[in-house]
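Engineer: Let the hints inform the model, and build the full structure from the sequences given.
Numbered according to numbering that gives the first Met the number 0, the sequence shown spans residues 0 to 138.
In short, the hints are calculated from the structure, not lab data. Source: prediction; values computed, not measured. There may be inaccurate statements among the hints.
[Stated by the list, open to error] Pairwise CB distance ranges (calculated):
1. Glu77 / Pro101: 16 to 22 Å
2. Asp134 / His89: 19 to 25 Å
3. Gly85 / Glu36: 16 to 22 Å
4. Arg137 / Pro31: 46 to 52 Å
5. Pro86 / Pro117: 36 to 42 Å
In this text, a Cβ means the ideal position worked out from N, Cα and C, and glycines have one as well.
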Amino acid sequence: MTVPAHAFPSPTVGRHTAGDQAYVLSGRPLRPGASLEATSRFREDRWDLRAAILQKQGNALALDFATVPPRYQATARELFYLLLAGPHPHGVAELSISTIRPKFSALASFWHWLDSRPASAAHPVSVPAVSDLEDYHRH
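Structural biologist: See below:
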């Protein structure tokens, strides 16, 4: 199912207005004994996701934005904040923590590859073109 872009809230509207102080797990159920106040905030370079892993055997997972090229860090934070905290568009299921973490790794890898590409005035690296995506697919 395709969801129109306008169905997603702007990261500068709604819950994100709390800015750098926003708790990234605010829209998630937390494991017993975990408190929201002890969880990661938007401004932090590393978001610890353990408090939202409800299974006892769950791995310790984190999103480390220092592993993302600097030019893509703000985009990465906004994207993963929305995936973690929501709200999600009507009809779009919330992703599990164990699904979100591998997506972070895959996108970090893509952003590193994209960051290594030469830019031109007609084609800035910050705006990938279809040809970039085709090149990455062949990569």
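Engineer: A separate judgement is required for each hint: does it hold in the structure or not?
Structural biologist: Going through the hints against the structure:
no., hint, in the structure
1, Glu77 / Pro101: 16 to 22 Å, "holds, 19 Å"
2, Asp134 / His89: 19 to 25 Å, "violated, 35 Å"
3, Gly85 / Glu36: 16 to 22 Å, "holds, 19 Å"
4, Arg137 / Pro31: 46 to 52 Å, "holds, 47 Å"
5, Pro86 / Pro117: 36 to 42 Å, "holds, 39 Å"
The structure does not agree with numbered hint 2 stated previously, though it agrees with all others.
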